[in-house]
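Trainee: For the sequence shown, the residue numbers in the numbering used here are -17 to 444.
Derived from the structure by calculation, the hints contain no laboratory data.
Idealized CB from N, CA, C, for every residue including glycine.
Keep in mind that the hints are not guaranteed to be accurate.
Listed next, with one range per pair, are the computed distances between beta-carbon atoms [unchecked claim]: (1) 297 to 22: 19 to 29 Å; (2) 109 to 130: 43 to 53 Å; (3) 18 to 91: 44 to 54 Å; (4) 310 to 202: 27 to 37 Å; (5) 310 to 181: 49 to 59 Å; (6) 318 to 40: 22 to 32 Å; (7) 308 to 225: 22 to 32 Å; (8) 49 to 90: 21 to 31 Å; (9) 49 to 310: 31 to 41 Å; (10) 247 to 40: 49 to 59 Å.
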Amino acid sequence: MDNKVYRKKPSLVRHTRDSLGRELKAWKLLIQTEWKWILALVFALVMLITYTRPLPPNDVYLAVGQQGSIFETLGEKFIPYFEKEGIKLHLVYTQGSASSLADLADKGVQVNAALMVGGVAAKGKFPNLVSLGSIEYVPLWLFYRGEEFQGRGAFAHFASKRISVGVDGSAEKIIIGKLLDLYGIVLDKRDNFLKIPDTEAVQKLLDGEIDAVCLMDGIDGPNVQRLLENGDIHIANFTYAPAYVKKLPFLSTVVIPMGGLGLKDYRPKQDIQMMASTATLLVENDMHPVIQLIFLLASDKISNEVDQFFANPDFFPAYVDHSVKLSPVAKRFFESGPPAFSDSLPLWLINYASRIWFLLLGSLAIIYPLWKLFPGYRNMRSTVLITDAYTEFQGFERKLARAQTSEELQELIDELNRLEDESTEDWIVSVEMKTVFAMKGALDKIRSKATDKKNRLESPAS
-17 MDNKVYRKKP SLVRHTRDSL GRELKAWKLL IQTEWKWILA LVFALVMLIT
33 YTRPLPPNDV YLAVGQQGSI FETLGEKFIP YFEKEGIKLH LVYTQGSASS
83 LADLADKGVQ VNAALMVGGV AAKGKFPNLV SLGSIEYVPL WLFYRGEEFQ
133 GRGAFAHFAS KRISVGVDGS AEKIIIGKLL DLYGIVLDKR DNFLKIPDTE
183 AVQKLLDGEI DAVCLMDGID GPNVQRLLEN GDIHIANFTY APAYVKKLPF
233 LSTVVIPMGG LGLKDYRPKQ DIQMMASTAT LLVENDMHPV IQLIFLLASD
283 KISNEVDQFF ANPDFFPAYV DHSVKLSPVA KRFFESGPPA FSDSLPLWLI
333 NYASRIWFLL LGSLAIIYPL WKLFPGYRNM RSTVLITDAY TEFQGFERKL
383 ARAQTSEELQ ELIDELNRLE DESTEDWIVS VEMKTVFAMK GALDKIRSKA
433 TDKKNRLESP AS
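Throw the hints in and build the complete structure from the sequences for me.
Mentor: Right under this line is the structure:
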């Protein structure tokens, strides 16, 4: 008979498979024994993700003032940029900039952002809001019909005319009120100052029902364009515009150059000085950074696409109106420009990576040492298991010595079988395998003694 022992040939595949199986068993044991710590780690990870909010909301509500204004036009231009990121931008119409500001500041109103005239917000009054900068100049227009006015004091001249100054809450009413205060004229005490919505006021001026209309609007605004196309309507020249700007620093001076509206008919016949604020974008200070970034990227592209009539090229977007503090997201954008890969990767992923990189580094500083300790933990656990088993052996030997009945010996044998089964199921590091086999040899000896003693007790000869 051939008693030769055949060994399996070395196999890298088998070795890898066996090693993987032992590794999985080790992790299973770790989870079973240390589940409380693992659960705490998972909870901390969930809380981190919840706190850092990787995904932006699906809906954003932007207040754009009255219909027919430049703010409505700008708001519509933002919509495709949000759609590209899978977010729906809703335009919310209000009475004007002051109303938009009030809705934005009110947590009970479903408005997250507002396009409004800079300077309407009182400095320091809205700590829960931040600015994403301005997009373009918004001049103060005073359109009128009849003979062209060539004098210097436009406000004094038109103070007695039937003039629309905008509804309550509109930017034109607020700024006209501040300008008239410089002359000691109280706007709300004059019956000829009419509070009419912009679109209605424009139509009344075209129909000859009023003498003049004030608008705070961009040159591309539908209402402004309707009046510029009418040859019977004139634009007031604010000769003292530089002086007004000194008094109201949130305003800037802008000029419509001679012939700037049409070289064919040389409109206007002379330079027209005007005052202008800016189309400023305000948002809630806790608005998701991705939403802010979409607004900023869109503002940058819109400003480049739009032919800026009053501003120098590449001036906007810019932080012009300092009434509301600048958002940290906008500050980084203005200093460093758009983030890398913003045209090819989802913005939420780019933004999230840039926000939590320091958290990831901090986590690695904790996780890496723990990972390095894991092999030591497994070695230690193997040693503990073997030590505990040998401690139980000592107890078994004492039980064996004290056992006087067949039942006590059978109970001891069952405990030995249970320990052997457990030692087979437990994961032990390779370096301790010799100790495990030595332990099993000791177990067999105790079991053999217990079995012999049991057999002797059960033998009739005994």
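Trainee: Name the hints, by number, that the structure is in violation of.
Mentor: 1 and 5
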